[in-house]
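K.L.:
Chain by chain, the residues run as shown.
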Amino acid sequence: MASLKLEHIYKVYPNGTKAVNDVSLDIKNGEFIVFVGPSGCGKSTTLRMIAGLEEITAGELYIDSTIVNDVEPKDRDIAMVFQNYALYPHMTVYENMAFGLKLRHVPDDIIQEKVLWAADILGLKDYLDRKPRAMSGGQRQRVALGRAILRDPKVMLLDEPLSNLDAKLRTQMRAEIAKLHQRLKTTFIYVTHDQTEAMTLGNRVVVMKSGCIQQVDTPKNLYDYPSNIFVAGFIGTPQMNFLDCTLLKKDDEVVIHLKKADVDFTVPYNSLIKVNPNYLDGNHDIVMGIRCENVHLVKDEDKMLSMTISHFEELGSESLAYGSIDDINGNPIDELSVISKVFDRLNYQSGDHVAIAFDMDHTYFFDKKTEETIIPRIPTYNSFDCKVTKDSIKVLGETIPLPKALINKIEDNDKVLELQIPSDAITISEAGVIKAEVVRNEVINDVNLIHLKSDNRIYFMKSDKKYEEGSIVNIDIDFTKIKVLDGEKVVLEPISSLDSMKAYFYNYQTVISKDNNPEFVKFREDKVKAALDYMDAKIALYKQDHEKEIADIKQISIADAEAKFAELCKNNDALVEEKKKETKEKIDALTKKFKEDKKQAKIANDKLFAEKKEQENREYKEFKASNNDKEALKRRSDEYHIFKDNFATDRENTLNLAINSLTMDYEAQISSLKASLKREIEVLNKEKKDAKEKLKEERNPQAYLEKKYKKGLKALEQQREQARKRAELVFFFRFAQKKYIMASDIIANKLVQGLGTRVFTKEFRIDFPHDAYTIRLDNQGFKVRVVDNYDYGNTYFVKVAYEDNGEKYLYIRNQEPLEVNKEISIDFDITRCQVTETGMNIRLY
Amino acid sequence: MSNTKTHYRSHKRAILTRNIIIYIFLIVLSIVWLVPFFFLIMQSLSSIYNPMVFIPSSYTFQNYVNLFTDTTFPFWRWWINTFVIALVTTIFQTVFVLGSAYAFSRLRFKLRQAYMKLILIIGMFPSFLSMIVIYFVLQLVGLESNIYSLIIINVAGSVCSYYIAKGFFDTIPRSLDEAAMIDGANKNTIFFRVIMPLSKPIVIYTILISFTGPWGEFMMSSYIAGGNALSMTVAVGLRQMITQNNLTTLFPTFCAGGVVVAIPIMILFFALQKYYVEGITGGAVKG
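If you're matching them up, the sequences are chains A and B in order.
According to my numbering, the first sequence is numbered sequentially starting from 1.
According to my numbering, the second sequence is numbered sequentially starting from 1.
No lab work stands behind these hints: they were computed from the structure.
A few of these clues could be false.
To be verified - Ranges of calculated distance between the beta carbons of each label pair, as one might list FRET restraints: (1) B/Tyr115 / A/Thr761: 21 to 31 Å; (2) A/Ala668 / B/Pro197: 15 to 25 Å; (3) B/Leu107 / A/Ala668: 44 to 54 Å.
Bear in mind the structure is a predicted one, so any value in this text is a computation, not a measurement.
Heads up, the beta-carbon is just placed ideally off N, CA and C, and yes, glycines get one too.
Chain A on its own, in the form it takes in the complex (with noise of 0.2 Å):
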């Protein structure tokens, strides 16, 4: 059991094509993931990447924390289970399953005992004798699954296994693999093309295509929140209807326009209402997305707009009425087609006009030109009609001052203007003008989505607590985050959350022959010191385990122990001659047996042919006396020369298959025997082995002891030296003005990971955020100028120019202005950036 995380994965091939882009996902433990998509979308790919059958080009991926992209597949603890099951032909099941834990040397009885334990639970007891090729293929997919649950791994991988199965035993493998899953209580990542599998199957559903994750959730979120038409699309059957038109809000109301049809109909904007407002102009091509139980037909007064039935298609419970919408003359437009599910099939007939309603709260928009919903579960930001002066804003039915960064922005005008304020910029406090009441608090995956109103206004915030629905609060907004627009045109704009910078990537012995810092040095040396002083303890501490152990070594009797391991032998030895004496037994049994058997068969089928035969000679004596028709004479003569050519193969032929099914049987049976005589032989062998090392151990424990001591010790010493290799590693990024700023362990392991050597040839993008510098007082750190000061009230943002083919600027978060002007100094703190490699476009960290 394990938990899973991918970030930022990468796979370019050679020749360009991402196969997978930036995908980062976090897998719980013991979930059950599905990866769902058309083919060619990177789901196997994926896959394949966490199984370690395929390179990682870029990105990490963490098993249980530690990362595992150089890790061999052997070492990762992982099975899996592939879709042409890939059992080895040449082996038993009972090989075939216990082949992994051979390789690892798990004793034989271990072997055993676990193979037995899979083969129970998947049904496979009477089977294990048997090779995969007499086997049919949902016994085979059983097979694959033992031998993939019997090695107990961290993470099972299942790469569309039930693909090769015809559909009722792919049902039924289904509905296996679902209670495997809660028995083992294992991570289970599968990958499907098949919706019903993922659906039916996963805990959650990751819908990819073309190498991007396109939503990750929950069976029932992807079916109730789509995050983009695809999904819409992808996820349920028959597929969501899709009607192209455009939004207009006037007051209260929605006005939903279908182009191609050229008709309206209009519905409350309170049930639109988490639809991005800048989409609700009239302007912008939308796409709106309903699936058919959504669709209903209803009478003409709750009539939204008309439609021309088609067809029908009958589902027994229901059906599904196939049509298109209705222009304003009654014509169905063919673009416009809608499903629809009826359950009173009988009132309507194909060419009927009827009218229908959509069910507005669950109806999807999508942006036509990105593809994305326009329904964010959780909205960005919110947007309000407001009136600003050079001093202060006018919203919500309330006036409020501008700080101080923001006055003398906006001309004095009349202008109703677009205020727009991100939901993560409203706060509730005690400081704030406006008056807002609770109406709902939406829980979103541990985000709470708080649905404010005032001044007869829904928005929205987000926030870690959870306030009492109806309560009244005061919020306030957080005015560096705020936008404001006239019409298209940005009034006014907030400074970006990141700051940009270039930097390439240095190893310490090229920064120290460039910038021989001391600082650098020593910080190398104490790392270095640091690691080693770890690793000497932690021998130290070895020693002295050791020495106590051989201190505490107890004498006993050799004596007793030969004699009782001489028992062992003796005993193990009987057993085993027994055992061969037995299982020959058996064995001869069968064989006379079946040798009686096979002559009986044979005298069966020479008196069954020779009673044909006979009949046969009558039937035709008596036919030709009784018949003078020529041509049926000649049909039947035919038919009796037919029947005496292939008398003789007919009989063998019968007789063969006969001993055919024989065969097998006795072949089955013998190799079973053998197979199961071998097993308990190995199982005593093993048993002497062991007793004969532990004798050897007893004859004299302090060698073995000392043994023991010096492979650990050899061991870590290894690990000492590896150690200080690894704290010897230092790395650097070179900014502008060759400045070198140090990177931290953790960024450089990713950077050389997801790069290879390649990090020193590549440029990267640094981004960071506005409070991650620091200003120096010893004039040391990067030198830049400050331009200007911003005032938010309670927080100053400086604006510093620095140069870099060109000037570039940087804004730091501080709690007081700078004098413009002045040169000053800064620092960064490097762990708080994000990194991305610019030439691909890879985001590194």
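Knowing the structure of chain A, use the given hints to seat chain B on it.
P.N.:
Frame of chain A; chain B shown alone:
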């Protein structure tokens, strides 16, 4: 109406005629093929030299006895030479061919395609093109006129015939390798414990091919032997035996030699024929 229908017996007659024609053709062909062998065996049993007749007037096994007892030519030595060369070559060639074929089939390394094409092209040149150069190289290292040099030459060029084995390995699904990898096998374990047991036909095919090659090879052997009777192979030795001056006396013995040489190959082929066919066609049809 009735004559348009094909009745069973007329249909049967047609099949019978067709079979008769086919069989006559095959019989004629097999006679054409078998006549030389028959001639060889008959000559080897004849007591006097008379190549004009098929059935000799009197039979004797003396030729076979002469072959092994006559002191003017060391037939035993030639036979042993050839056998040693063929055996050692077989062992090395089998290992090399299977190893390289597996590597080309399973591992993805830089220049893999280039190597494969290069080997294929080198294999297309007739081996005698390099004969003179090889001789001088062997002379440089002092290995001319002995059988070790033949072993070295044969083994050195053995990888050229990797292609059929690679085709066979390609038909074994890669997922078997991958499953074994996840089960904890390294490349060696995969090769010996998963792939090899499944590749019996191709192993046997490779053994047969690598054995028959040096067994019947003439040109290089005669060149390397350079007249030294002790380092000749059977092919070279027998040819040497019937030079102009003793053609009449030794021809029956020569024929006996031919029969003796054919025996090991025949035994090998009869025993392993089943696998041989599977080996050749194994790459063609997915099993």
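K.L.:
All the hints need checking, so say for each whether the structure fits it.
P.N.:
Hints, verified against the model:
1. B/Tyr115 / A/Thr761: 21 to 31 Å: 28 Å, holds
2. A/Ala668 / B/Pro197: 15 to 25 Å: 20 Å, holds
3. B/Leu107 / A/Ala668: 44 to 54 Å: 38 Å, violated
Taken one by one, the earlier hints fail for this structure only at number 3.
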